[in-house]
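Peer 1: In case you want the letters, here they are:
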Amino acid sequence: MKTIRKIIAVLLVLALALAAAPMTCASADGGEKVLNIATFSGAGDLDPAGIAIDMWTEYCKMCVDPLIRFDEEGNVVYEAAESYEVSDDGLVWTFHLRENGKWSDGSPVTAGDFINTIHRALNPENGMSIYASVLYPIVGAQEARSGEGSLDDVAAVALDDYTLQFTLKAPCTYFTSLLTVGPFYPSKTGLATLEDPSWWKNPETSLGNGAYCLTEYVDGDHYFLKKNPSYWNADAVNIDTVNVFLIYDQQALLAAYQTGEVDVATGLPDYIGDAYAGSEELFIWNMLTSKFILPNLSVQPLDDLRVREAIALGLNREEICAVIGADYIPSTSYVAEFMMSNASSEYFSKEREPLFTEDIAKAQELLAEAGYPGGEGFPTLTYTYPNSDKDALLAQAIQAQLKQNLGINIELNGVEDQVYSSTRAEGSYDLIRHSWTADFNDPINYLDLYTSYSGGNYNGVNSPEYDALIEASNETADQTERNDLLHQAEQLLVGENFYVIPVATQVYICLWNPRLDNVTINEKGEPMYRYADLAD
Amino acid sequence: MLRYVFKRIGIGLVTLLALIVVTFLLVHLMPGNPFDIANLTPSNQEEMMHHYGLDRPVLEQLGQYIGNLLHGDFGISFKKSGVSVSDLIVQKAPATMRLGGIAFLAALVLGTLSGIHAAVTGHDAVRGAVLTFTTLGISVPNYVLALVLMLVFGVQLKWFPVLGLGTPVHYVLPVTALAVYPLAQISRLVKSSFSEAMQQDYVVMAKAKGIAPVRVTMLHILKNAMIPVITAAGPMIAFLLTGSFVVETIFTIPGIGREFVTAVSNRDYTVVMGLTIFIGALIILCNLIADLLCALIDPRIKLTD
Numbered sequence: 001m002k003t004i005r006k007i008i009a010v011l012l013v014l015a016l017a018l019a020a021a022p023m024t025c026a027s028a029d030g031g032e033k034v035l036n037i038a039t040f041s042g043a044g045d046l047d048p049a050g051i052a053i054d055m056w057t058e059y060c061k062m063c064v065d066p067l068i069r070f071d072e073e074g075n076v077v078y079e080a081a082e083s084y085e086v087s088d089d090g091l092v093w094t095f096h097l098r099e100n101g102k103w104s105d106g107s108p109v110t111a112g113d114f115i116n117t118i119h120r121a122l123n124p125e126n127g128m129s130i131y132a133s134v135l136y137p138i139v140g141a142q143e144a145r146s147g148e149g150s151l152d153d154v155a156a157v158a159l160d161d162y163t164l165q166f167t168l169k170a171p172c173t174y175f176t177s178l179l180t181v182g183p184f185y186p187s188k189t190g191l192a193t194l195e196d197p198s199w200w201k202n203p204e205t206s207l208g209n210g211a212y213c214l215t216e217y218v219d220g221d222h223y224f225l226k227k228n229p230s231y232w233n234a235d236a237v238n239i240d241t242v243n244v245f246l247i248y249d250q251q252a253l254l255a256a257y258q259t260g261e262v263d264v265a266t267g268l269p270d271y272i273g274d275a276y277a278g279s280e281e282l283f284i285w286n287m288l289t290s291k292f293i294l295p296n297l298s299v300q301p302l303d304d305l306r307v308r309e310a311i312a313l314g315l316n317r318e319e320i321c322a323v324i325g326a327d328y329i330p331s332t333s334y335v336a337e338f339m340m341s342n343a344s345s346e347y348f349s350k351e352r353e354p355l356f357t358e359d360i361a362k363a364q365e366l367l368a369e370a371g372y373p374g375g376e377g378f379p380t381l382t383y384t385y386p387n388s389d390k391d392a393l394l395a396q397a398i399q400a401q402l403k404q405n406l407g408i409n410i411e412l413n414g415v416e417d418q419v420y421s422s423t424r425a426e427g428s429y430d431l432i433r434h435s436w437t438a439d440f441n442d443p444i445n446y447l448d449l450y451t452s453y454s455g456g457n458y459n460g461v462n463s464p465e466y467d468a469l470i471e472a473s474n475e476t477a478d479q480t481e482r483n484d485l486l487h488q489a490e491q492l493l494v495g496e497n498f499y500v501i502p503v504a505t506q507v508y509i510c511l512w513n514p515r516l517d518n519v520t521i522n523e524k525g526e527p528m529y530r531y532a533d534l535a536d
Numbered sequence: 001m002l003r004y005v006f007k008r009i010g011i012g013l014v015t016l017l018a019l020i021v022v023t024f025l026l027v028h029l030m031p032g033n034p035f036d037i038a039n040l041t042p043s044n045q046e047e048m049m050h051h052y053g054l055d056r057p058v059l060e061q062l063g064q065y066i067g068n069l070l071h072g073d074f075g076i077s078f079k080k081s082g083v084s085v086s087d088l089i090v091q092k093a094p095a096t097m098r099l100g101g102i103a104f105l106a107a108l109v110l111g112t113l114s115g116i117h118a119a120v121t122g123h124d125a126v127r128g129a130v131l132t133f134t135t136l137g138i139s140v141p142n143y144v145l146a147l148v149l150m151l152v153f154g155v156q157l158k159w160f161p162v163l164g165l166g167t168p169v170h171y172v173l174p175v176t177a178l179a180v181y182p183l184a185q186i187s188r189l190v191k192s193s194f195s196e197a198m199q200q201d202y203v204v205m206a207k208a209k210g211i212a213p214v215r216v217t218m219l220h221i222l223k224n225a226m227i228p229v230i231t232a233a234g235p236m237i238a239f240l241l242t243g244s245f246v247v248e249t250i251f252t253i254p255g256i257g258r259e260f261v262t263a264v265s266n267r268d269y270t271v272v273m274g275l276t277i278f279i280g281a282l283i284i285l286c287n288l289i290a291d292l293l294c295a296l297i298d299p300r301i302k303l304t305d
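Which chain is which? The protein sequence lines are L and H, in order.
Be aware that the first sequence starts at 1, since it is given in the numbering used here, and climbs by one per residue.
Be aware that the second sequence starts at 1, since it is given in the numbering used here, and climbs by one per residue.
Don't read these hints as lab results, they were simulated from the structure.
Treat the hints loosely; a few may be bogus.
Where chain H lies over chain L, by a calculated footprint (3+ residues, C-beta under 8 Å) [said to hold, decoys possible]:
#, segment
1, 64-74
2, 219-227
3, 243-253
4, 305-317
Fair warning: this is a prediction, and the values are worked out from it, not measured in the lab.
Yeah, the Cβ is synthetic: ideal placement off N, Cα and C, and Gly gets one too.
Just need the whole structure built from these sequences, with the hints factored in.
Peer 2: Below, the structure written as structure tokens:
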């Protein structure tokens, strides 16, 4: 028995030693500059005519150049296009492509490559084309998508290899903002096809015309990029390899940054904002997101303007956001607080006076006028929200504030994401949390949701005056006049009628390696790594 | 024996069919749909639902689905364009199975050794230490353990990387997080059945006959002591091979555990179904193998019922 005991003891010790043996992970750079990025979401795909959401948004900024884009101040930056002109009636838009634009296999980027994406996005057979509707201002686009018209009749045409022309149904002063959404990006003709739905995963067919191009894609885990040698501005690109990791867990994201396995981590837990305050590693990414309460207008007493206004004025947003964390910023604006105006170099929300001012005394008066002094006799309403940590905190903070400031009781109803969406769409709620993130940089992205005929109008707003303002803004070709109309519309929607009750906007808290340099910001506040460098 | 195997496979198939029908109905009963994403308008959603035939009656869809299954077609993912469900399983299963396999081997070897050690040792301190460790191992949930391992050995000490499964070193923390619970379980099982077997008459007899202690331990005691372990190992290995959502999420491992949870919350119907069938089949198979192994080791167990 003694020998056995000894053998077992030795084996156990060996096994433990092996398990605990620390090994260092050597990085094989060999002078190459490698940037490791971790992002919070891998939703969607890399096809501009497909589910071009989170993953695509990150990818295209490095690998696929659109015609034009915008810098932090909202100025045009020419990418695949060198210039463009608009006809006097605002209907015909002609883009001249740069002739030195190249795909990563060395072939030229032609106008036909832009048409390739547009046709794939509008093809009724394409079941993944979620942003096809951004093409609908173009003559014939909506008809082609619904199958009533033909793709040949879509007025997006290549006049020659380097000239691209769009004819619109009506003037659209924000057309250039739409160009930053997936379907307006090029994809290589003959390689990116509907017949091969996985072309975008394969580095052989998934070409880039931007600073980098794809070398490896592993679903739900990572994709790797290398510098695109054929890029027209390749001299300005400093990094050789970019590795993008998709990490869905905030704690894991933070750990990967702290162990040095990644140089950039976006979307970290809110306490990191305080923990790294003042550090050059901290970066705050201002999102184009608006968080607001939607009162169901067909539920009593929310049909009473005084009640809606009392709720809007009776919330202390500073206190609410202090509870939720540093990534929530108080906001009384419905159009995202950090959205650039198209008529000035300011934020849209800073061009005007606040839509309303918090005023608890006035809120109490309004409530009394409506027949509920001190909240007496006010029915218990339900507040529905998606069951995330942040939204639960927001719900509790709103509940506490309404109780304390107005004497109103609300019941909380936290539900799973998908249940939340269908509850909202069906209108089976009293109060519901809503959140909207812009697809492109223009206030219309928010405001056209509440026309009486909008599919995103979930609470029954029906104001002919509002519809008329939005229609007038769509018809004018004058940017300043249009901007005024949009401000009037927002004032009508929020400041006068309180059809939506803004609460906060959101930021992403990010950390990056202090060696990282030359990161630029685009008009949506997003960091762009295409010309980034890593100091030695 | 052969009759028994066929019978068990038959029962397994019926179980699987029941699983498919129930899961299919439950999944389609959940509110929401796969296309409720980003800023997609309700009319676009209806367009997509129609495109994939999701607007037809559920029973009709079920019939169609089972029909396709019989042709080996698991369908395509609604959330990842160009990805078929079978491709997805082929992509995701290897990482999970490698991780689970290693964790199981580690748990089996270390658990058995520590169990035997606790049973035969004369030192109360050693027995106490093993007992404390196994009690802790069983009671600490693996999400706590995984986080503690990540923070201590990854972030603070920087001994091990925490992102993915790139190199062998990457396996250390996730395998440890996965293995501790089954290790503790096996250790306790071995300890009690080993102590019991040591008291048996045939062991005393073997010793009296002067058979070498190693032979007695390995052949006479261990063989019999392992039967409860093997019975427990069937579900255990099935559990490990089907992936842990928590461990895969914390260590960013592209496995089926993480995929499964994402698919459920995304209402990616076909992926949920495909993974359910895959995991269900695996569990049925593991249990069958465990039963057969027991019969091989212990002739007293009759499989002909």
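Peer 1: Take the hints in turn and mark each one as holding or not.
Peer 2: Going through the hints against the structure:
1. 64-74: violated (count 0)
2. 219-227: It holds, with 4 qualifying residues against the three required.
3. 243-253: Held - the segment 243-253 of chain L has 7 residues with a Cβ nearer than 8 Å to chain H, which meets the minimum of three.
4. 305-317: Violated - the segment 305-317 of chain L has 0 residues with a Cβ nearer than 8 Å to chain H, which falls short of three.
Violated hints, in rising order: 1, 4; the structure is consistent with all others.
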